[in-house]
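Listed here are the chains, written in short residue letters.
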Amino acid sequence: MLTLHIVNGLALGAVYALVALGFVVIYRASQVFNFAQGELLAFGAFIMVALSQAGVPWGLALVLTMVTTGLLGVLVERVVLRPLIGRPVFVTIIVTIFVAMIIHAGMMVAWGPGMKGSTPTPWDKAGMLTLRPAVTEGTGTVNINEASLESLGELLSLDTKSLARLSERKDVRSFAGETPFTSIDDLLLCKGPDDCANPMAAGYPDDPSCLPQVCLDAKVYDRIKGQISLEGESGMRVVSSALEVPVNSVVSILIAVLALGLFFLVIRFTRLGIAMRATASDQETSLALGIPVGRVFAWSWFIAGAFAALGGALLGLYPRQIELNLAYTALAAFPAVVVGGLDSAAGAVIGGFLLGLSVVLCQVYIEPAMGHFGKDFHEVFPYLIMILVLVIRPYGLFGSKDVERV
Amino acid sequence: MPTRALTTRHAQDLELFADRWTKAGLVIMALIFLAFPFVAGNKWMVVGLQAQIAVVGSVSLMILTGFAGQISMGHAAFIGIGAYTTAMLGEHHQIPFWLALPVAGMVAAAVGMMIGPFALRLRGLYLALITVGLVFIVKHVLYHQVSWTGGAKGMKVPAYLWFGADAPRLSDYAVKPLDLGVVTLDAQQLMFFVFLLLAVVVVLCGVRIARSNTGRAMMAVRDHDLAASILGIHPARTKVLAFSISSFFAGVCGGMLALQLSYLMPDGFGLPMSVNYIAMIVLGGIGTTFGAVWGAMMFVVLHPVAEQLQPYVPYFSGRTDTLFSTVLFAVVVCIFLIFEPLGLFGFWLRIKRYFLAWPFRYG
Numbered sequence: 021m022l023t024l025h026i027v028n029g030l031a032l033g034a035v036y037a038l039v040a041l042g043f044v045v046i047y048r049a050s051q052v053f054n055f056a057q058g059e060l061l062a063f064g065a066f067i068m069v070a071l072s073q074a075g076v077p078w079g080l081a082l083v084l085t086m087v088t089t090g091l092l093g094v095l096v097e098r099v100v101l102r103p104l105i106g107r108p109v110f111v112t113i114i115v116t117i118f119v120a121m122i123i124h125a126g127m128m129v130a131w132g133p134g135m136k137g138s139t140p141t142p143w144d145k146a147g148m149l150t151l152r153p154a155v156t157e158g159t160g161t162v163n164i165n166e167a168s169l170e171s172l173g174e175l176l177s178l179d180t181k182s183l184a185r186l187s188e189r190k191d192v193r194s195f196a197g198e199t200p201f202t203s204i205d206d207l208l209l210c211k212g213p214d215d216c217a218n219p220m221a222a223g224y225p226d227d228p229s230c231l232p233q234v235c236l237d238a239k240v241y242d243r244i245k246g247q248i249s250l251e252g253e254s255g256m257r258v259v260s261s262a263l264e265v266p267v268n269s270v271v272s273i274l275i276a277v278l279a280l281g282l283f284f285l286v287i288r289f290t291r292l293g294i295a296m297r298a299t300a301s302d303q304e305t306s307l308a309l310g311i312p313v314g315r316v317f318a319w320s321w322f323i324a325g326a327f328a329a330l331g332g333a334l335l336g337l338y339p340r341q342i343e344l345n346l347a348y349t350a351l352a353a354f355p356a357v358v359v360g361g362l363d364s365a366a367g368a369v370i371g372g373f374l375l376g377l378s379v380v381l382c383q384v385y386i387e388p389a390m391g392h393f394g395k396d397f398h399e400v401f402p403y404l405i406m407i408l409v410l411v412i413r414p415y416g417l418f419g420s421k422d423v424e425r426v
Numbered sequence: 002m003p004t005r006a007l008t009t010r011h012a013q014d015l016e017l018f019a020d021r022w023t024k025a026g027l028v029i030m031a032l033i034f035l036a037f038p039f040v041a042g043n044k045w046m047v048v049g050l051q052a053q054i055a056v057v058g059s060v061s062l063m064i065l066t067g068f069a070g071q072i073s074m075g076h077a078a079f080i081g082i083g084a085y086t087t088a089m090l091g092e093h094h095q096i097p098f099w100l101a102l103p104v105a106g107m108v109a110a111a112v113g114m115m116i117g118p119f120a121l122r123l124r125g126l127y128l129a130l131i132t133v134g135l136v137f138i139v140k141h142v143l144y145h146q147v148s149w150t151g152g153a154k155g156m157k158v159p160a161y162l163w164f165g166a167d168a169p170r171l172s173d174y175a176v177k178p179l180d181l182g183v184v185t186l187d188a189q190q191l192m193f194f195v196f197l198l199l200a201v202v203v204v205l206c207g208v209r210i211a212r213s214n215t216g217r218a219m220m221a222v223r224d225h226d227l228a229a230s231i232l233g234i235h236p237a238r239t240k241v242l243a244f245s246i247s248s249f250f251a252g253v254c255g256g257m258l259a260l261q262l263s264y265l266m267p268d269g270f271g272l273p274m275s276v277n278y279i280a281m282i283v284l285g286g287i288g289t290t291f292g293a294v295w296g297a298m299m300f301v302v303l304h305p306v307a308e309q310l311q312p313y314v315p316y317f318s319g320r321t322d323t324l325f326s327t328v329l330f331a332v333v334v335c336i337f338l339i340f341e342p343l344g345l346f347g348f349w350l351r352i353k354r355y356f357l358a359w360p361f362r363y364g
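Protein chains in written order, with the working numbering: chain E, 21 to 426; chain A, 2 to 364.
Worth flagging that the hints you see were computed from the coordinates, not collected in a lab. No residue lacks a Cβ here, since even glycine has one placed at the ideal position from N, Cα and C. Do not rely on the hints blindly, as some may be mistaken.
To be verified - Quick list of simulated restraints, FRET-style, between CB atoms:
id : chain 1 : residue 1 : chain 2 : residue 2 : range
1  : A       : W359      : E       : N345      : 50 to 58 Å
2  : A       : P312      : E       : G310      : 33 to 41 Å
3  : E       : L278      : A       : D268      : 36 to 44 Å
4  : E       : H25       : A       : Y264      : 53 to 61 Å
5  : E       : A389      : A       : W149      : 33 to 41 Å
6  : A       : L100      : E       : W131      : 23 to 31 Å
7  : A       : F37       : E       : R297      : 58 to 66 Å
8  : A       : Y264      : E       : L84       : 46 to 54 Å
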């Protein structure tokens, strides 16, 4: 089960990593905190669903969604943020928050609160990927009387010696007419009474629930169940469940890793990437060297919008549904940015994966332990982690310290 | 160009309300506010009460963000703490509201003092996100600590006038108005006057703080805290003080909100409320008490106005929710931010300068 939760956590983390990376790209280029990333994610998810409901094939729809949301980002940058260059940071935070509200309102008007469903996939949307098949066993409390013990031995093709051992076991008891069947022995599946998968519980005679599980091979159980009267819980018991992970989670992780890898290649090897790095490092010098800083801003918003849209398409995969408040789900990406360090792209990615993992693990392990108070605790948990990280390292895990001069 | 009269003596500089125009304006405003409860209908009375609550809230945020420069999105948390403390004191312990409000303020101030140390290590967005985290944590507690707060179902806020479960309540005057001989005041009008007193006191505090040593220390820390520490100001102490004072007034604002709503639900005390208050101070003009007051009033008045306008706007005319007022407010804030960086205060300065320099274009 832990593997399942880890994979789901990483899938959620992939979405957070995409959103966080877009945030950091914008911040490094233009020192703007884009609180509208969550709304861009929701916008991307809705456009994806709308496009595929219009019949566009999946791959094309994904590309179109990314481009459209990127263009929305560029629009925001040009109209709203270009006049605010040079103003204090606080103002840009406010403006992006209100732009997020306007986008949200636009989506409400365009699609209304009734839009539902998951983002489409070309593969079976509820499919599971089996990493390790299940091992099942038959169990049950089987009532046999002494007379049938022999026939059980015959049915199971037990040799005399094993049959003797079976009847000698102290835990096979017989009542008048009923024999609670306890554990069958090492012949079948368990290696030995000591390392039987289900050790015998003491005190079972009075409490039927203490009866240890029977280790029966499934085929054997199938064979005998019609011929011996069974009582109590019978049927297959899965001793070790299959290791299955949802296909959607695996694909999310793969697509996100691909996109992030592509981004890092672009940053390192293309002219645009070098221009972005130069602008992030020193705007004025870049401008003096002829780098079109305005165009770099527009590109950084485009990339952020495209990645947010990709995140939205991934976030909306089954079993999640797209809804207008998807932006709040993505709100946990902001602590990811802070945990990784505001000006570190790699930190944002790592922080995103870390936080996605922690949210899912919190949901599974911590919430049940907290009782009523723990309901929805996973919404608060990323912020607690963020506070913890910031107390230890005030600039995030990979952020660089602000050097101040007086 | 300067818009105040030229001061020739130090005593003039120290005066809160310097020239006669300001004094005249204040007298007119006082008359309007005193007459308001007697002429306003029910809907506008509610707007008036909300305006006073918003004024207190935005002055408190102004002290934190405008004077001390600490970006805080956690205002809703402090308001929520103040509101629920007032509710719990009234409901569980039958404490009269005039005692519950300062206690609520102090509880909120205690929480604010805990956030203060975070502000020492963290700047800018890091601090803003910690305060966002605070909002979520407080909201979680409000929803899930049901024995204290009633959870999602909410809790009542009785406004006792004196100790004890049998004490008269403010809501009693809705049934039987208070007869003062000259006028009779019902519950809502009484609440209006109480809130008016509180709002005036808080605004005066804001103005005085801005001019005091504390305020100047806060502004120094806002502008450049490293330089301020060289000048002998303790940034640590100043930041914690800013958080405490701001949270105290936010707690009082929350208490007022609780009394006005009289039934609290944890829904409203989230990030949108914080964003609204930040928008109020930015709209009004950061760093000025004038801005805080007028930004708050503009915000509160904008919503009924938007409601009246809604039928005439194409996409929103059929809707029943408050989406249009939210969008209108967002658009107004964005326009102000882009075109008038000093907000309403800057707008007011422009008007004053125009008339001072008239008939010349600039003087």
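With respect to the beta-carbon atoms only, verify the hint that W359 of chain A and N345 of chain E lie 50 to 58 Å apart. This hint holds: roughly 52 Å between Cβ atoms.
Within 33 to 41 Å: is that where the Cβ-Cβ distance between A389 of chain E and W149 of chain A falls? violated (21 Å)
Is it true that L278 of chain E and D268 of chain A lie within 36 to 44 Å of each other by Cβ? With a Cβ separation near 40 Å, L278 of chain E and D268 of chain A satisfy 36 to 44 Å, so the hint holds.
Taking 53 to 61 Å as the hint, is the beta-carbon distance of H25 of chain E and Y264 of chain A inside that range? About 40 Å separates the Cβ atoms of H25 of chain E and Y264 of chain A, which means 53 to 61 Å is violated.
CB-CB spacing for L84 of chain E and Y264 of chain A relative to the 46 to 54 Å hint: holds (48 Å)
Starting from the range 58 to 66 Å, see whether the pair F37 of chain A and R297 of chain E falls in it by beta-carbon distance. holds (59 Å)
Can you tell me whether the CB distance of P312 of chain A to G310 of chain E sits inside 33 to 41 Å? violated (54 Å)
Taking the beta carbons of L100 of chain A and W131 of chain E, is their distance inside 23 to 31 Å? violated (50 Å)
Checked against the numbered hints given earlier, this structure breaks hints 2, 4, 5, 6; the rest are met.
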